Amino acid sequence: MWLDVLMRVYPQAWRERYEDEYRAMLEQCDLSLADWLDMLVSACETRLLDTRGYLMRDLLNRVTGVLVVLSGVLMMSAFFIPDESTAEFFFAVGPLLSLAMIPAMHRVLSIHRPQWSGAVTAIGVTSILLLIVTFALGAMAILPDTSLMLISFSAMVILGVWLVSVNGLAISTGTIPSVLGAIGVAIGVAWIIVMSVSLWTSLLDVQLYQYPALMTLQSMSILMLLGGYMLWAISTGILFISGNVSRKLQVSYG
Amino acid sequence: MSVPDLGRFSDPALLILTSLANGQKHGYHMMEDIEAISGIKLGPGTLYGALNRLEEHGFIEGVATEDRRKPYKLTALGLTTLESTLQKMQSFTQTGLQRLQGRA
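Heads up: the protein sequence lines correspond to chains P and W, in order. By this note's numbering, the letter at position 48 of the first sequence is numbered 771, and the numbering carries on one by one without gaps. By this note's numbering, the letter at position 23 of the second sequence is numbered 61, and the numbering carries on one by one without gaps.
Just chain P, with the same shape it has in the complex:
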């Protein structure tokens, strides 16, 4: 009976993973009072760490969700705001807010695929670092504009690679619904196309209208990017706010 009470102190996920073998071991032990105390302390500790860790992860996930939804809403609002400078500001700030997804997705994906998740996060962080470097170098004016443009576009392309890989990994682990993940992959591809074409036309001073097929591809990618991004950001954000993602993180034993 006391053992049943003790087991109830452990978190549900721990019990699902270890209870049977733990009981099997205890059946062989001649338990002393010190052993019972040791078990009680350990059970309380496991419960406490589990609850505290879960609440913190859940809070972080919900905050991320709010930021990402806000990101999508800002992007969408930019189309309806007559004031050009405010619209431009919304367009710039919107995607920046969604960068909160990089650590959030890492928290979720590292539970399922630690190595892959590490690599994917490294891609995302690299792009952010490159953007910061570009900003700093731009402020110090020590590099020619062409070099700055090259670095910033590279950062953007790497960000696209992150979008593709993080959504691909999220689909394969069932972290987000496949449709949402597929939209994320499509946004990533569209982002890479838009950035690559922009870089090419800027560096070589090419007029895009001279290449109709490329211009069509670019236009379609921009449309996909805008529409898809708003849909992805708002839906993924709601998924995080709802606690759906946190619940998947709750079972982390074994």
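There are no misleading hints in this set.
What follows is a list of derived Cβ distance ranges for each label pair:
1) P:848 - W:125: 30 to 40 Å
2) W:132 - P:789: 53 to 63 Å
3) W:132 - P:819: 48 to 58 Å
Chain P stretches covered by chain W per the calculated footprint, using a threshold of three residues with CB under 8 Å from any CB of chain W:
4) 736-745
5) 762-768
Just so you know, these hints were derived from the structure itself, not from any lab. All values reported here derive from a predicted model rather than from experimental measurement. We put the CB at the ideal spot given by N, CA and C, even for glycine.
Assemble the complex: chain P is given as a structure, and chain W must be docked to it using the hints.
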């Protein structure tokens, strides 16, 4: 690489890794082995607290079995980590002993 800071489970973790160094063992067998090699009697709660953390960090893994008593074994990471930790301890112990001999 050394055994990461597992709070109050750091010492039990090293004892468990050492116990598993000569092959897989289940919980009760580990407790007996640890007491035999170190004279330390690990409580069941402490043992499973440390096992849980070692498994989370990828140092050990459960072995599939029909038995309710689940055996654990070292992973490649656990093996190299244990080796490196024990080598550091050996060097530390030797230095300490040499200093003590120098006092005599």
